[in-house]
Every structure is written in C-alpha cells, then in structure tokens.
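J.: Fit chains H and V to the known structure of chain G by using the hints.
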Amino acid sequence: MDLRILSQSDLSAIMQIETALFGSEAWSEETMSSELITPHSYYIGVFDPSLVGYAGLRLAPADFAADVLTIGVAASKQGKGIGRRLMDALLLHAKRQGAEQVFLEVKESNASAISLYKSLGFEQIDLRKRYYQPSGENAVVMKLVIQQPIVLGIESSCDETGVGIVRGNRLLANALHSSMTEHAKYGGVVPEVAARAHLEALSPTLGQALLDAGIKIEQVDAIAVANGPGLAGALMVGIGAAKGLAVATNKPIYAVNHLVGHIGADVLEKGSVELPTIALLVSGGHTSLLLVRDLLDDVVLLGETIDDAAGEAFDKVARLLGLPYPGGPQIDKQAATGDPKAIKFPRGLMLPKDLAEHKYNFSFSGLKTAVARYVEKAELEGTEISKADVAASFREAVIDVLLTKAIWACEEYKIPRLLLGGGVVANARLRDEAQRRCDAAGIELRIPRFSLCTDNGAMIAALGAQLVMAGRKPSGLGFGAESTLSVTTIQTP
Amino acid sequence: MKINIKSAEEMEQLGSKLAALLSPGDLVLLAGPLGAGKTTLTRGIGRGLSAEGTIQSPTFVLARTHRIKGGKLVHVDAYRLSSAVELDDLDIDFENSIVIVEWARDFLAGYSENYLTLEIDRSSDDESRVVTVQPVGSRWKEVSLASLN
Amino acid sequence: MLLSIDTSHGTSAAVFADECLSFVAIDDLFTHAESIGLAIEQALQQADVSVEQLTAVAVGRGPAPYTGLRVGMAAATSLSKARSLPLYGVITLDAIANSISDKDLLVVTDAKRKELFAATYKAGNRLLGPMLITAEELTNYPGFELIQQPCNAKLIGQYVKKALQLGVDLSDLSALYLRSPDVTPSPGKKVSG
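Residue numbers (our numbering), protein chains in the order written: chain G, 1 to 493; chain H, 494 to 642; chain V, 643 to 835.
Chain G on its own, in the form it takes in the complex (with noise of 0.2 Å):
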C-alpha cells in the first residue's frame, strides 16, 4: 500500500469514495479540485493499488495551527488501520510545519473515528449543534496539542554574538550583542576583537535569552549553532559554547550554516517559508544568490561574489570618500542629498561577455576603482565633487547589480519569489527598489523585520528547529569551524 500525495490526475478516484461515503454532504468535485492547490494544503491519498482513502489537512502558519478538512476510506476497506495511516501521516505533516494544534470536526454519531482520534491525543473541546446539514447531526470539535522542539540557537560567525530561543516556528527570544562600536576604529571587523567580544558576551547573552523566552536551560530540547561560514577565531567561540551545553544538558547538538540561516530567518517571520524561493543575502561578508527549492535538502548557490562583498564596497567607498565606517549608513546619509543619475559608474559583471560565466556572480572591485579614479582625478585637477552625488551614484550602482541579477535569477527559474537577508538589507533604498522591482516584474518580495535579518541567534535556532522537526540525526561533537562552508552543507554531520 503506497501513500503519496494527491494531484488533479486522481480527482475522479476521489470523488468516488467522496459521493459514496458522504452522499448529500459530499464536497462538489469544484470543490475537491480547488481544495488540492490551495496554499498551505496537504491532500494525501492511499493506494492498494487504486486509491482507497484520502485525506486533507489546511495549515494556518501564522496561528501555528492546522485543521484536519477531510478523510474518507472506501467502505469495503475500512477496519484496516487506513484510516490511522492518513491521520499519521497528516499528523507528521503539522508537526513538521511547525503547528502547534491541530483541530477537526467529526459527527457525534461516528464512534470508531472518535475513539481513532481520541488514540492519537485528540481531546473534545465543543460541541456544535447541527452542525451537519441536511441531516441536523452534532459535531464534536476536537484539538490535537503538538509540543515543538524548544532549540537554542548560538551565533558567532561575525560581529553580532547572539542567542536565540524558538519553539518550533515560533520566535521566544532574540538577544543580541555586537561588537561594531570597537570595529569603527579599525575601519572594519578585526578578527580578533570579534573573537574577544565573543567570550565576554557570551554569558550574558545566554542569560538575556533564557530570561526573554522564560524557560530554563533544562527546558531546551536541541542546541544549534552556526559552524560556517564566517570568521573562524569568532565561529570557534561559539562551537565552543554550543558543545559545551550539549554536554551540560545531555542534548543533540545541530551544527548550521550560517547563510541557510538567514532563510531559515523568514519561518520565524510567518510560521513557514515559502518555497521555492531565491534568496539574495548581501552582508559586510557575504553576497550571494541562493535558490532554495527545501530548506534542508536543497540549497543551490547561483552566484557571489567574486571580489568585495556588497557591505564591503560601501565600506571602501565611504573611505574614499573621507567617511567613518561603518560604510553603509554613512553613504546613505550623503545619497539622500545627492543624484543617483549624476555620475554613471559601471556594473560589474553585466556585460554580455561576463554573462556566460558570471551570469549570477557579482564583482564590486570594478565598481570601487572606478569611483577612486573619479575622486583622485577631481583631487589632480583640483575640481569640487559633490559627495552627496557620488555617494548616490555608487549606492545606484551597487543595487541596481544585486536587483537585476535576484530578477534574472526569478524569471530564469520561473520562481516568483525573492527573499532578502543579510545587514545590507537595513539600506532603504534598496528596500524600496526592490519593492519597485519586484512590483513590477509581479515578484513576491519577502524581507523579515530587521532583527532577523543581521546575524542573529534566532536565525540558528529556526533552522536547527527545522532540522529536529523533520527527524534529521544531529550532528557529532566532532565538527570544526569552517569559515568556507558551503550553501550546500546545510547541515555539518
């Protein structure tokens, strides 16, 4: 006996069973048909080798709940633990996307199903009168409670120390410590000042997180922790302290990557990722496209950088031009006065010729060195520049490559998604191009709230979470840092 999933192709089969088993209360084969593509449905049938038995469940991601809408086994099969099977295998499902409870109708009259669903933890909580129509019949309203895993999230892989506790897709806390302000005088993130900030903050990070989400260490059912990639003195910190729970608490521990992290950031923001989706992560960094067809299966990396990250031409750019760092706030406040369209700086990585290598790889090296000419030629001849223009100009570049690139990718692979991620995503214009973008060429942009896009702790624990929801093994105590980690390593055994 096979269980898979329903399609159009089996609607008739359905539809047989449906008339037979519910004759005037049956659903309209429209119906039926509408029910098997609607968003967040799960429609599986059984097969001996026909279809015997089908069953519905609707999730609700954002109320962290599901509702079983149908289940029906052919009559001349029943009593054979069917009916058991769908419900698992539904059950299985819920758990997996991260509901909470799990509610069903089901007639007064219909004892074994009652007494099916009371063996699974279903409990009644209402009675609804005549519920049932033509026939007038009760129904008793059951609720299945689900307990997600409560997983500990470490993350170190740069600048930000962060803790983040989640109940399954459910966000309960979020603490954050960043070492930036001892960085500004260094013009950058030092490795080792990282790694330092990293051990002082740890405590006291770990604590905020438990006292934010109101649970005791002993409470938390998995550790995750982002092993890769990153800088791999301040990764180190982290895996240090990751084991050193697992080993306290007598918990798996779940080794992550950093970047499928920060998608995994977006099931925190709705209760579920929308997949397939591409993912544009641009960071001081990190600066790559991603498409993501499953979180913990399937990550491709279309395209990075192949020189500066995004966050780190701004930096540079921001030097040139006599700024602090961090770069990226301070161009911006220069741009806000200035002229995107004053001063034409190149695309890297755009041209027809780069395409056939580089189609999805960005280069801002190009980019950085042609704003240095511009700013020492004006020095040479002793004109004025106007800051405020360049600023604009350089930022309308920068975008306009991470925008058309995230498009082409949509539109190449026929996916009308875009998620955004990483500290570069704090820069409003590019917010707003996106928008305009995505707007236009009818693309579904996703960005989660700020906290959740700069590396943050929560990020790890959503993607541990995942990992523990859908069954996987954790990982060994025997991973390392690795500071080169690829997106297709989500998980390091």
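Under the rule of at most 20 Å between Cα atoms (straight-line distance), these lysine to any residue pairs were calculated in the SDA-like manner:
1. V/Lys754 to H/Asn589
2. G/Lys251 to V/Leu680
3. H/Lys499 to G/Asp354
4. G/Lys143 to G/Arg96
Keep in mind that the hints were calculated from the coordinates and are not lab data. All values reported here derive from a predicted model rather than from experimental measurement.
T.: Coordinates of chains H and V only, in the frame set by chain G:
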C-alpha cells in the same frame, strides 16, 4: 623578472602557473594599487591549487582560509593595517599553509627569510599590467621561474 | 566532582574527585573547536561520572595563544552556567608551577613570535608575571629554575584542589592574552600608489 599581462584572464592564468611552484610553508606578497588585480591573481593561484571555496576579497575579514591538498591556502589582506602585520594573530598554521598577502608592500621585511614578491603595475587605463616577480631567500635560490612566462 | 578544562596548548579535560579520575588530552594545536566536546564527554565517561554529578568547573584562562584558549573558556562558561556550577579561572603558569615544586621557579610557555609567557615563583607563590619576555631575557632571572612545559587540564585540576584549600581567589575569569590585536587604526589610505 617582468611579465606582461594583457587581460584579467591572463592574470588568473599567471596565478595558476605560480601555484605549481608553491608548497605549504611558502609566503607570497602581492603589491599594487587598488584594482591592480591582486585578488584576480590569487583566484588563479586558488584555481591552480584546487582550493575549496571561492577566492574573495579578504578585506572585511583580514584572512580567508581555503583547504587545499596537503594543507591550507590562507589569503590575507593587509589593506586595513598600517603597521607590521603580525600574522600570528590570525592564528595561521604557517608550516602547513601557503600564505598569500595582499597590500604587503611596506612591511614583512624581516618577518620571514623566504618569500616571493609580485608587484603589479597598473599604469594604463585598460586591462594590461606589468608584474614584477622577485624571489627572496634560499628557498627560491634553485627554483626556476621560467614557467611563469 | 570537579571538571577541569584547558585549551591553552592542545585540548584537554579531566575529572577529579579527591584524586584525578580521568584525563583526556588531544595534543593537536589546531583542533580545539573539533575536540572540545569529545574531550569533555570522554573525560566524564572514563571517570564514570555523569554531568549531573559535577559540583564545579575549572578552566585555564591563559596566558596562551588566543584562538584555542577561547574554545575551552567558552565551553567551560556555557557548561558551568547551564548546570549552575561555580567556575574557577586558573592561570596556566600557576598550575604548572604547582605541579613542579616549592623551589624558585621561572615557568615559561611558548607565546609564538619568538616570545614566551613567563612568571616567577618562590615557595609556591607567584612573584612576577604573567608577562611576555623574549628568549634573550631568560637570563635575567638567575637563581630561578627554568621550567618550560605546556599546561593541561590535569595540572589545572590539581592546582584548583590546592588553591581552594588555601583560600586563593579563583573568581577572575578574564582571558589572559597579554597582547592586543596588532591592528593599528589606519589613517585614510591613498587610493593608488
């Protein structure tokens, strides 16, 4: 020796040829202005060594480590440093690593007795460059650099 | 039951009742992050002690090369916090001196860059240091027996036992780097040159 480079592809190829001469414990210093092609050259070195991970500018992180056969390739950027780089602070396993340092023009004299310097001269506005290779120390005494041309 | 951890040299962990029950050491100088969890777990297993039976944690806080040192300190911090156990910070040179004798000692460990971390001891008490000295400066301490050997979790644990008896304050948990990152803040850099 001086090598004439006509394009970014040739710069990368030079890096790949250089990779064949390098082994763990070696130190290579790259000098040249912004946009000269230091990272491009390093990318070629990485390719020649089949290094794991993409070669990217290490300005933000100061050093990027890539696994290679028999050890590591460590790509350092001293752009944000203005005094003698204390490479030990980056906890580099020198014995087992090939270390490439960008923007090393002013310092590192006296740090190691053996190294190669490559100075990239960007005098024109197009892609052509002149790369001057200078070996220093007994490690490079018997080594022929002819293959780089 | 005391769990002691040290990553000032390799990675090591040890469990103590009154005596040392187990000692696990991984001598590789570049695998602290990989080894720390396993070292602690194995030390507990070999001692047949569960983590719930621990009553205190001790950790070497240097002086030592930065990166490795932090791994052990991070693990010790999180473990002791999770179990609500007291955490004792130990200066590695003190632990080494304690294991040798009460004679006049000059204890040194490798600080890389041709320098040494050093401290002098008389009758078990530290006189000078911890400090950074060069190899040439070793001769500045006549009359002190030179001890050069690395620290480990067993020495840390033995030292803690003694120190607690003597009422030594082990509450300082700051990492001893003895050096700042040598990144001098740079002035604006000229673009070409």
